[in-house]
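Colleague: Using the sequences plus the hints, can you model the full thing?
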Amino acid sequence: MPDPSPEPAFIPYVALTRGQKARRFIRRNPTMIAGALLLALMALVAIGAPWLHTVNPVDMNPIDRLKSPGAGHWFGTDMYGRDSYSRVIYGSRISLFVGLVVAALTSVIGLAVGLVSGFVRRLDNVIMRAMDGIMALPDLLLAISFVALTEASVRNVIIALVIPQTPRMVRLVRSIVLVLREQPFVESALAMGARLPRLMVRHLLPNTLAPLIVQGTYVMASAVLIEAGLSFLGAGTPPEIPSWGNIMAEARSYVRVAFWLLLFPGLFLALTVLSINLLGDGLRDLLDPRIARRMR
Amino acid sequence: MLVYVLRRILATLPVMGIVVVFVFLLVRIAPGDPAAIIAGDYATPENIQKIRVGLGLDKPIYEQFWIYLTSLARGDLGRSLHSRLPVSQLILQRVEPTAALALSTLSFAILMAIPLGILAAWKAGSLIDRAVMVFAVGGFSIPIFWLGFLLIYAFSIRLDLLPVQGYVSFREGLLPFIRHLILPTIALGLVYMALLARITRASVLEVLQSDYIRTAYAKGVRPPGVLFAHALKNAAVPVVTTIGVGFALLIGGVVITESVFALPGLGRLTVDAILQRDYSIIQGVTLIFALVYALVNLVVDLSYTLFDPRIRY
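The listed protein sequences derive, respectively, from chains W and P. For the first sequence, position 114 matches number 114 in the numbering used here, and the numbering has no gaps at all. For the second sequence, position 87 matches number 383 in the numbering used here, and the numbering has no gaps at all.
By construction, these hints were calculated from the structure, which means they are not laboratory data. Only a predicted model underlies this, so the values are computations on that prediction, with no experimental measurement involved. Glycine residues also receive a C-beta, built at the ideal position from the N, C-alpha and C atoms. Among the hints, erroneous ones may be present.
[Stated by the list, open to error] Partial selection, computed: residues in chain P whose CB lies under 10 angstroms from chain W: (1) P356; (2) I438; (3) P439; (4) I448; (5) S555; (6) T582; (7) N593; (8) V596.
[What the hints assert, rightly or not] Label pairs and their in silico Cβ distance ranges: (9) P/L571 / W/A40: 30 to 40 angstroms; (10) W/R28 / P/Q505: 16 to 26 angstroms; (11) W/P30 / P/R303: 45 to 55 angstroms; (12) W/F97 / P/A369: 42 to 52 angstroms; (13) P/L302 / W/L44: 37 to 47 angstroms; (14) W/V120 / P/Q572: 22 to 32 angstroms; (15) P/Y513 / W/R121: 45 to 55 angstroms; (16) W/P238 / P/Q385: 41 to 51 angstroms; (17) P/V517 / W/F97: 52 to 62 angstroms; (18) P/Y513 / W/R28: 27 to 37 angstroms; (19) W/R181 / P/Q385: 46 to 56 angstroms; (20) P/I474 / W/L44: 44 to 54 angstroms.
[Said to hold, decoys possible] Some but not every residue of chain W turned toward chain P, in silico, with C-beta under 8 angstroms: (21) D124; (22) I127; (23) P138; (24) I144; (25) N277.
Modeller: See the structure below:
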């Protein structure tokens with residue numbers, strides 16, 4: 001099929017102003033921008049919780065029990081008369097914190113273990129079999145067992161999420177390293193006498209970052225979801241902390257009389273996860289369309 | 297083929313071995329003392345010690361592991377710390393609702409997602425394609441328990457069309473059985489559907505761009521013929537792989553869904569065990585789920601030959 005508009009032999013170079021470049025970037029990456037904006041908004045809500053017209057999220061006020069959403073209480077009140085709006089706003093803190101920490105820890109551990117596994121053949125087999133073993137357990141189940149067997153605390157929830165999420169990261173890094181180690185630039189670095197640690201940090205690490213960041217966003221999204229799920233099941237954040245999962249767990253028997261108690265925390269949770277997923281998809285397409293296939 | 301099946305089963309064994317070690321260690325490393333939990337709040341130290349000896353927890357850890365391993369080999373998953381009933385018996389009692397939910401979700405998700413994915417790929421770039429992709433991203437972001445409550449609120453409480461919660465065995469009538477499963481199936485199936493639709497779309501799209509598809513067009517094969525006779529079978533392998541890998545989502549989701557819809561299945565058993573800190577039940581259920589997950593992926597691996605004769609064993 002002939003090209004309907006053949007490329008001119010000479011494309012005049014037109015310098016774009018910074019504003020034009022920005023506009024073009026936004027036009028080309030709408031999902032990523034939408035995701036980033038939504039996530040930034042959530043982060044602002046989390047940081048600015050004390051200034052967002054909230055009352056103390058744990059203050060009980062029995063006279064105002066189960067009030068439906070209105071002027072005084074935007075998201076209504078729960079069975080103890082606590083202001084649902086304030087609780088939901090404060091709940092964003094725990095979700096984003098857990099998500100960020102889990103994504104950061106998994107990336108660091110995954111990077112370290114993956115680099116070693118990809119380059120040190122003797123350790124590779126052992127490491128990968130251990131990862132297979134962890135991956136043979138469904139992630140939510142593994143997290144449930146871990147938290148159930150330890151004390152419920154934010155720290156333990158984070159550990160419980162890092163364990164099942166790490167193998168995927170290790171696999172990703174390892175698969176990239178296996179390709180990279182055959183590349184001429186690695187060979188020449190070796191030939192020039194670069195030692196293993198230097199090779200890893202200076203030559204391999206920078207090349208794994210893009211896919212790692214993308215995978216990190218997916219880890220963050222599932223960490224936020226699973227943290228809420230764990231709390232909802234009573235195996236997550238301690239019940240006195242107003243996390244979205246906890247709020248919904250307490251409200252579950254009021255689905256008939258006070259549906260708003262379930263509606264708002266779930267909506268915030270879904271929007272947060274959506275924003276992270278959109279950002280991740282956008283970053284994936286932006287950084288390297290080919291890595292899309294290596295994911296999941 | 298038979299040799300391959302055997303070899304593939306043997307390859308699953310080391311992984312299962314690691315799972316067993318993991319599940320065993322999980323309980324031993326945990327800070328809580330099972331003996332103290334059984335003994336209750338008012339137990340004397342002597343009492344706790346007696347229970348500890350009774351459970352074999354005073355023995356060195358490798359001896360404990362050997363005991364654990366040999367009893368597993370006999371199909372003995374231990375006894376519940378609270379009711380003292382065999383864990384295997386407790387699990388068997390709860391299998392039916394979970395199996396029913398998993399099977400209905402699996403079929404629902406596959407039957408919905410694959411046609412949607414194919415349609416999206418076939419009409420790539422169209423409004424339908426965009427809608428499917430939006431749905432796929434959205435489905436990944438909606439928490440199962442939230443969706444569950446939304447469905448309960450809309451269809452059971454407001455519209456009064458379906459039962460709110462609970463489970464009715466198929467032996468007590470097919471219609472109530474199905475009616476009780478509809479909402480849990482949708483709630484649990486959405487994530488799985490989103491995942492499958494996305495992979496199906498990507499896979500079909502990739503196949504449609506390959507050379508032999510162009511050849512088929514050039515020979516004069518009509519578009520439906522190209523899609524059904526040439527493209528779909530070759531796009532199947534990644535989709536089937538994802539059905540297997542995504543089964544983990546289903547297992548995790550089962551626990552949450554059963555909790556939301558009060559289904560008396562394995563997930564419910566797990567959650568009750570968490571609340572009572574009943575270690576042996578958690579161990580047993582985790583092991584069973586891991587086994588099922590491994591089996592599903594084994595079947596998936598074996599099914600590759602059906603779709604791609606180039607994969608020979």
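Colleague: Decide, hint by hint, whether the structure agrees.
Modeller: Here's how the hints hold up against the structure:
1. Taking 10 angstroms as the C-beta cut-off, the interface hint given for P/P356 is violated, the closest approach to chain W being about 21 angstroms.
2. Taking 10 angstroms as the C-beta contact cut-off toward chain W, the hint placing P/I438 at the interface holds, the least distance being around 5 angstroms.
3. With its C-beta approaching chain W no nearer than about 5 angstroms, P/P439 sits inside the 10 angstroms limit, and its interface hint holds.
4. Given the 10 angstroms rule on beta carbons, the hint for P/I448 holds: about 6 angstroms separates it from the nearest Cβ of chain W.
5. Among the interface hints, the one on P/S555 holds; its C-beta lies about 6 angstroms from the nearest C-beta in chain W, closer than the 10 angstroms criterion.
6. Of the supplied interface hints, the one on P/T582 holds, with its beta-carbon coming within about 5 angstroms of a beta-carbon of chain W, less than 10 angstroms.
7. A distance limit of 10 angstroms between C-beta atoms decides the matter here; for P/N593 the minimum to chain W is near 9 angstroms, and the interface restraint holds.
8. Nearest Cβ of chain W to the Cβ of P/V596: about 14 angstroms, over the 10 angstroms cut. The hint is violated.
9. Between P/L571 and W/A40 the Cβ separation comes to about 38 angstroms, which falls inside the hinted range of 30 to 40 angstroms.
10. Restraint check, W/R28 to P/Q505: a C-beta distance of roughly 22 angstroms satisfies the suggested window 16 to 26 angstroms.
11. Hint check: W/P30 to P/R303, Cβ distance near 49 angstroms, so the stated range 45 to 55 angstroms holds.
12. Here the CB-CB span from W/F97 to P/A369 is close to 44 angstroms, well matched to the stated 42 to 52 angstroms.
13. At roughly 58 angstroms, the beta-carbon separation of P/L302 and W/L44 lies outside the given 37 to 47 angstroms, and the hint is violated.
14. Between W/V120 and P/Q572 the beta carbon distance is about 44 angstroms. The supplied range of 22 to 32 angstroms is therefore violated.
15. The supplied range of 45 to 55 angstroms is met by P/Y513 and W/R121, whose beta-carbon atoms lie about 46 angstroms from each other.
16. Distance hint for W/P238 and P/Q385: a CB-CB separation of about 33 angstroms, inconsistent with the stated range 41 to 51 angstroms.
17. Between P/V517 and W/F97 the Cβ separation comes to about 56 angstroms, which falls inside the hinted range of 52 to 62 angstroms.
18. The hinted window of 27 to 37 angstroms between P/Y513 and W/R28 holds, with their beta carbons roughly 31 angstroms apart.
19. Checked against the hint of 46 to 56 angstroms, the pair W/R181 and P/Q385 passes, with Cβ atoms roughly 52 angstroms apart.
20. The beta-carbon spacing between P/I474 and W/L44, approximately 46 angstroms, falls within the hinted interval of 44 to 54 angstroms.
21. Taken as an interface hint, W/D124 does not check out: its beta carbon lies about 15 angstroms from the nearest beta carbon of chain P, beyond 8 angstroms.
22. For W/I127, the shortest C-beta to C-beta distance to chain P is roughly 12 angstroms, which exceeds 8 angstroms, and the interface hint is violated.
23. Interface restraint check for W/P138: the shortest CB-CB distance to chain P comes to about 4 angstroms, inside 8 angstroms, so the restraint holds.
24. Taking 8 angstroms as the C-beta cut-off, the interface hint given for W/I144 holds, the closest approach to chain P being about 6 angstroms.
25. Checking W/N277 against chain P: minimum C-beta separation of about 5 angstroms stays under 8 angstroms; hint holds.
In terms of the numbered hints stated before, the structure departs from hints 1, 8, 13, 14, 16, 21, 22, listed from lowest to highest.
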